[in-house]
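For the record, in the sequence shown the residue sitting at position 735 is 735 according to our numbering, with numbers rising by one throughout.
If you are wondering where the hints come from, they were derived from the structure by calculation, not from laboratory data.
Simulated crosslink set (BS3-like; lysine-lysine; CA at most 25 Å straight-line):
1. Lys607 with Lys686
2. Lys751 with Lys627
3. Lys622 with Lys591
4. Lys171 with Lys68
5. Lys320 with Lys445
6. Lys662 with Lys607
7. Lys435 with Lys375
8. Lys642 with Lys687
9. Lys642 with Lys689
10. Lys163 with Lys174
11. Lys171 with Lys82
12. Lys174 with Lys142
13. Lys68 with Lys88
14. Lys591 with Lys627
15. Lys591 with Lys691
16. Lys20 with Lys88
17. Lys691 with Lys607
18. Lys445 with Lys402
19. Lys267 with Lys301
20. Lys642 with Lys662
21. Lys375 with Lys512
22. Lys68 with Lys29
23. Lys90 with Lys68
24. Lys375 with Lys510
25. Lys777 with Lys591
26. Lys321 with Lys435
27. Lys163 with Lys175
28. Lys738 with Lys510
29. Lys240 with Lys267
30. Lys691 with Lys651
31. Lys88 with Lys164
32. Lys742 with Lys777
33. Lys708 with Lys608
34. Lys608 with Lys627
35. Lys738 with Lys708
36. Lys738 with Lys512
37. Lys751 with Lys578
38. Lys36 with Lys82
39. Lys591 with Lys651
The structure displayed is predicted, hence computed values, not measured ones.
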Amino acid sequence: MVGKNEGESGGDKALDLFLKIGLDERTAKNTVANNKVTANLTAVIHEAAVTDGCDRNVGNLLYTVATKFPTNALVHRPTLLKCITSSKIKTPAQLEAAFSFLTAIASDNLNIDDFEAACGVGVEVSEEDIEHAVDEIFEENKAVILEQRYRTNVGELFAHVRKKQPWADPKVVKKIIDAKLYALLGERTAADNEKPAKKKKEKPVKTEEKAVVEETAPEKPTEEEINPFAIFPSPDQNFKVHTEIYFSDRPVLRPCNSKEILDKHLKVTGGRVYTRFPPEPNGYLHIGHAKAMFVDFGLAKERGGCCYLRYDDTNPEAEKKEYIDHIEEIVGWMGWEPFKITYTSNYFQELYELAVELIRRGHAYVDHQTGDEIKEYREKKMNSPWRDRPVEESLKLFDDMKRGLIEEGKATLRMKQDMQSDNFNMYDLIAYRIKFTPHPHAGDKWCIYPSYDYAHCTVDSLENITHSLCTLEFETRRASYYWLLDALGLYQPYVWEYSRLNITNTVMSKRKLNRLVTEKWVDGWDDPRLMTLAGLRRRGVTATAINTFVRGIGITRSDCSVIRLDRLEYHIREELNKTAPRTLVVLNPLKVVITNMDAAVMDLDAKKWPDAPADDASSLYKVPFSKVVYIEQSDFRMKDSKDYYGLAPGKSVLLRYAFPIKCTDVILCDDNETVLEIRAEYDPSKKTKPKGVLHWVSESSPGVEPLKVEVRLFDKLFNSENPAELDDWLSDLNPHSKVVIKDAYAVPSLKNASVGDGFQFERLGYFAVDPDSTPEKLVFNRTVTLRDSYGKGGK
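Based on the provided sequences and hints, a complete structural model is requested.
What follows is the structure, encoded as structure tokens:
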């Protein structure tokens, strides 16, 4: 309880501090809810010495610094903050220019004159200058403005002005643009205030599947959307690697490649981009790996280069052949083709020889501390008692480790890095440990295995990777990455971290996913409720939809990528709307007997594609219509109402692709509440024009039930948006995440559907055939519902 009160007190203090600098209350409260941003913003406020408050404009700029400042330029943040608090930098445009300048400089010695010039410090743009720029823009776009009037995209006009006058005050720009619009167009008319006219369609059908929407011009894609890979440098720029790393035992080191090393590298690669997708084969890939694939394979493809699929297989205890096979197969399904498939274990001999060289150079030693002792000494920044042992002694002991002469847990090889660094990942990381476990790929040849921190950067160098791309949680390991390559005199790739992809209402950590699978909370790694790529594929999601979703997110360093699930669902719908043929299925059947129809069965035409021409036979399929049809139980009520478009006693509805029917009688069970059967009459001439349109399924011949199928309705796996933050995260599982309907009815044409085939069940959603299907009974998984909640306000 004490801890909780202290936490609340700390949150109140932070909220008070954020309000003092002029943040609006909503932004301040949202910031307090994010521990990382809270810590960053608090540090920025203290660094800027404005704890007693400041101008709101200054506060907003400080907030931007806290959330977007390039971490590889932290040493220059105090300079930027002084420029902000002294009002040298006072607009978002100037701040963006500052970020770009600080990210690009290759020296820790900041030239303040160049910096201020790049940020427009001291540049005063008069109203006359702005007015002149606006006049030019209006002249260039006059015809469009006159045509669109007050529907003109003011944002585009604003962007054009900014290109001409980047340091102009945006408030003044907006004022002048508004004045020019008024001068050109005059007062707003009634027509200006009307919504754009809807595009008329012939005989629109009112269904939940398809609503008439207003026609709007598509937004022009941004440069980043057109080419998200433009942010990365070319391989010949790797003579500098755009970072700086501090060591306490020597001057500031800026890792870089000598001309000799870079020329040797470029001779091998021919100047092409080389990337790698390096999954650890200890589980199935999830949607976060889809982003990693898009970044790694996508950059190589964009630049005409090569991307390795490299298995990071340094932990034989957690790796399985099943996972290796799955990864290769799912990479292909996602549409990526590796340049080569390699394994870190392919390089075990080279890695061992480099470790020996590291010892010889005095940069590694054999240590006998236990895991707990290593942890304690690192926390206290204390050197291991064996840190300064003679090189020859470490060489002999390391050889003993390799030959299996030392017990597991009795020795490790540690890198002699920097125990006084501010970076925890420089505290003499382990390079090798003993494990008497056969390796799934290398067999039983080795009993010592390299760590990730030792092997990852080394193999990147051995494979001549030009761009080593990973997620932000590895950012603090960048120092160790370059330290090791520098210590061994190896080629150094360009390292860049991007924000990882997290999605609401699920967990993404392999540890948590493994627990869900092994403890049988879900039905395996490919359970459709999981965000594993195998689960998404089984659910009916296409690789195209996933890649489009990932591309839309972009490749940024903003560590706020908790993306709403409905944003992914939006892209799934967009894809399936184009690729999934329509069909009719009733989940919870209610029998309707048409009393004025004879026993004959007629075949009617139904549409696979709603927008296909009427004379396109390939877009049609046959559905039987008989005296007995079935509708959804939810489409019937005993009491009608104005906002209800289903069937009710005495009311008429249209059966999609068929005829209007009118309810004439209701047969109830003995409880006088449960509806057993409905009697109805149909209108064969279709003179009746009811508002409601229902889907249905009919008997294919008298007395024969329609095709029975099993339908599985999937929903969010967890109730909370971020269950990973909960201590008891398993208690947040949604008990209704999977609902199985054993006996749904379907039209006969579905009988020949194959595993993986996708359909839109009209008015119900998108569904795909599950591998559990048998010749006797098809099983369908709901991929996504029809309703587009993201398009209506999701983020």
